[in-house]
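Student: For the record, the sequence lines run as chains A and B.
So my numbering is basically just the index in the first sequence, starting at one, shifted up by 979.
So my numbering is basically just the index in the second sequence, starting at one, shifted up by 191.
It is possible that part of the hints are untrue.
Claimed, not checked - Beta-carbon label-pair distances, calculated as ranges: (1) S1211(A) <-> E206(B): 43 to 51 Å; (2) L1157(A) <-> D265(B): 40 to 48 Å; (3) K1172(A) <-> P264(B): 36 to 44 Å; (4) E206(B) <-> P1187(A): 47 to 55 Å; (5) L1157(A) <-> R195(B): 44 to 52 Å.
Unchecked claim - List of simulated lysine to any residue pairs, SDA-like, C-alpha gap at most 20 Å: (6) K1114(A) <-> A220(B); (7) K1035(A) <-> P1020(A); (8) K1190(A) <-> S1165(A); (9) K1114(A) <-> L196(B); (10) K1114(A) <-> E206(B); (11) K1114(A) <-> A209(B).
To be verified - Some but not every residue of chain B turned toward chain A, in silico, with C-beta under 7 Å: (12) T204; (13) A208; (14) T211; (15) T226; (16) V228; (17) C237; (18) G238; (19) G240.
Hints were generated in silico from the structure; no laboratory data involved.
Quick caveat, the model's predicted, so the values are computed rather than measured.
Just so it is clear, CB atoms sit at the ideal spot from N, CA and C, and this is done for glycine as well.
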Amino acid sequence: MNNSQTIRADVAVVGAGPAGIAAATVAAESGRSVVLLDDNPQPGGQIWRGGAAVAKGSAAQWLARMARTSVHLISDARVFNADEMTLFAEVRGNTVRFAAQKIILATGSRERFLPFPGWTLPNVMGAGAFQALMKTGLPVSGKRVVIAGTGPLLLAVASYAVERGANVVAIAEQTSWLRYLRFGISVSLVPGKAREAIRLLRQVRHIPQYKSCWPVAACGREALESVRLARSGTFENVSCDYLACGYHLVPCIELAQLLGCRISNGVVTTNDLQQSSVPDVYCAGEPTGIGGVELSLLEGEIAGHSAAGQLPAAKNHFRRRNLARRNVRAIARAFALREELKSISRDETILCRCEDVPFGKVRAMDSWRAAKLHTRCGMGPCQGRICGSAAEFLFGWDVGLPRPPLFPVNCSSLRQTFTESDLSNTQGASQ
Amino acid sequence: MSDRLNVRVNGETIEVAAGTTAAVAAFIARVPSRTSVAGQPRTPFCGMGVCFECRMIIDGIPHSKSCQILVQPDMDIRTDE
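Bound-form chain B, shown alone (with noise of 0.2 Å):
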């Protein structure tokens, strides 16, 4: 249960628990999920899978909604800035 493991938010690692979406190791990182239109820091909002505010590149796929994707380890997270 209390498996954790490692992950790399905008290049930098962070340890989550195994469970945690990409979402909350961003909310863990400090860092905003993604910036909007008019350039304001976003974090997730719905928190499942409607408003989009949570997508970040995640393993190299550009808009995966992040709190629909749980961790894995060395998975790679990044803001889309």
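Looking at chain A on its own, in the form it has when it is part of the complex (with noise of 0.2 Å):
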């Protein structure tokens, strides 16, 4: 029982979205054994969920060029601590390691929640949730959905929506009608995203589009009856049967973290190819800025290059992965958080889902620490993914180190990964 298995490769990759398979698939063209662990029962991460059996366009593409590779894809397989090169994953119930020569970080973005009186109410969920939920199933006809937060995600939510039969009733937007056409523009001088933006747009002209607006709260007795909008000082009710709420997202950088990789602004900090501050740790898509699945591509054949040895290779990317990058920037000005959504809780809103935590009671707090200890904020099974981000926005904390296990996991797994010496420090620091 106590030996688990353990895999070795040349590259260990994490996360089989675009970046993930992108680095993977060059690696491995390279003649390296490489790993891509996911935690998905399908590789394609969030934007290419469902794997090839549904994948269309550049994903098909790449899922095809990567099933004539030698790449081994595990997934269901979450990685919950490392060890210098080694990772520890649950795979299925089983504990695996997985030793490497090169770790690539592909581990992808999450969305950011904001907390609003009834956000906890059934059928409330996040935006980019709610893409997820139809594309696995969901049945969407004919129900009454808004679609709320902010980012790019929520016009392309809202035309999948639409094409699976739903009646979108409002699209929710928080910034500025000003903001989002700079945004608008700056997208479209960027080849391909022209025709793909007015696809959408034309695909959702028949709903009523709001820029400046934001939920102020979700009402309901038993699950969500109905959204109330905040729009130019005034509100507005509107009846629906889901409500999609998302406040574009936050990249993924637990385990970069714990590898000890330098974090600069929430991002993890690469050099040109996409290389950490730890030198045979290297990482791509996401975690290193949200800039879409373009870069994310880009960064990955980076990655998988440089990993490869391959620094030829490598660079002829730099050159369209710079242009890509400056989408990161316009992202992140287009669809910055007003003020005003600091505002919207009130004392006795939930913050902490886990834990049922009321906001008041952390506000009273004067750090991120202190919530965990003195209000159990964060210290439930998502430890702290949700709230945190939150709170971050809230309150101007910082959420600081992740701890391992990075997940929930079985003692079994903890037994494997921990030596005698962690549990005796352990030991000592809860005395």
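Dock chain one against chain two, each of which comes alone in its own frame, and use the hints as you go.
Tutor: This is the structure we're talking about:
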């Protein structure tokens, strides 16, 4: 029982979204042995969810190209700890070690959520979450849906919902028309993007689209019945079956932090080769800054070439990558969160969904650490991934470094990862 | 593509499409995925295995993240009540 399986590879890639698929593929094409770990049942990440069976366009091309290589894809693998160049993952209940010469982190991003009265009601969820659930079978035909929050994702989710027969009754975007249009212009300069944007806009042209508008309450007895939207000082109640609300994306950097990679402004610092401050650890895609799928693919290719020692091949992509990086700043500027969003919650509004800790209790604390110790905010199974990124914005707190295990795991996994000295240290700390 | 299969949600058999997640099966069965610490019903929230609101007992395994688990024939899905 104690001997967990160890898999050795030249390169271990974490995350099978666009960046991870590109990185793993090009590294394998250079003759390196590659394992690609992903915590979903199928590769593709969030944006290419569903794997080869449903992939189109560049998703289909990349998945087919990867299938022609020797990349060893391991799905349902959740990396929960790291010790120098060894990663520990739980794979369908078993603990597996991955020992690699190079590690490429392509861990993606998650949605930022902000609390508001009623956001814990059934049928309120993230915007990306709504799309993920539709893609995995949620029937939405004829359902009234409000899509809210901020970011380019809202339009994509609305368009997808319309395709699936949903009755999208409003798109509430918190940024202003001015910022939104400025972003639209910058996007339209990127080849291919303008056509995509026009397609999306045409699909949702019949839907009321509000800017400088955000939900201040979700209302209902047992489940969601309506949403209260704030717009230029007035309020409007909109009846709906689903509220899909997300405030753009937050890079998933926990594993990078655990590996000791330098982080700056919430993103992993990398050089031209996508190399982090830890020489054998590379990083590609959203953890280096939210920039979309094209940038993720380019960074993935560069990271894959770099990790395989193919520097000329990596350099071939620098120029296109650097151009695509402009998107990061454009997105951040366009969808910056407005101050008003800090005052939607009431004292009794739940902030930490795992432990049901109300906003008022957390607000009375002076740091994330104090909030954790005194209110249990961030101490539940999500380990502060939801309430922590809200607290960063709401209170300006630094939510600090993650500690292993990065996810709740079985006791046997814990036993196989931690050395005797770790355990005695922990004991000492808790005295 | 249109393969359909049966799963049980809190003992009740429902038919869903292959490729559906257990989280969506709970939505289809109109069953909240869990009851919170303070007793509130919750449904899956992040859809990508981060928030743990979707955790249910799947084929006897507690705390399974149902949004990352595809349905299998005769899968037994239970909420934590």
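Student: Can you give the numbers of the hints that this structure goes against, from lowest to highest?
Tutor: Those not satisfied are hints 2, 4, 12 and 15.
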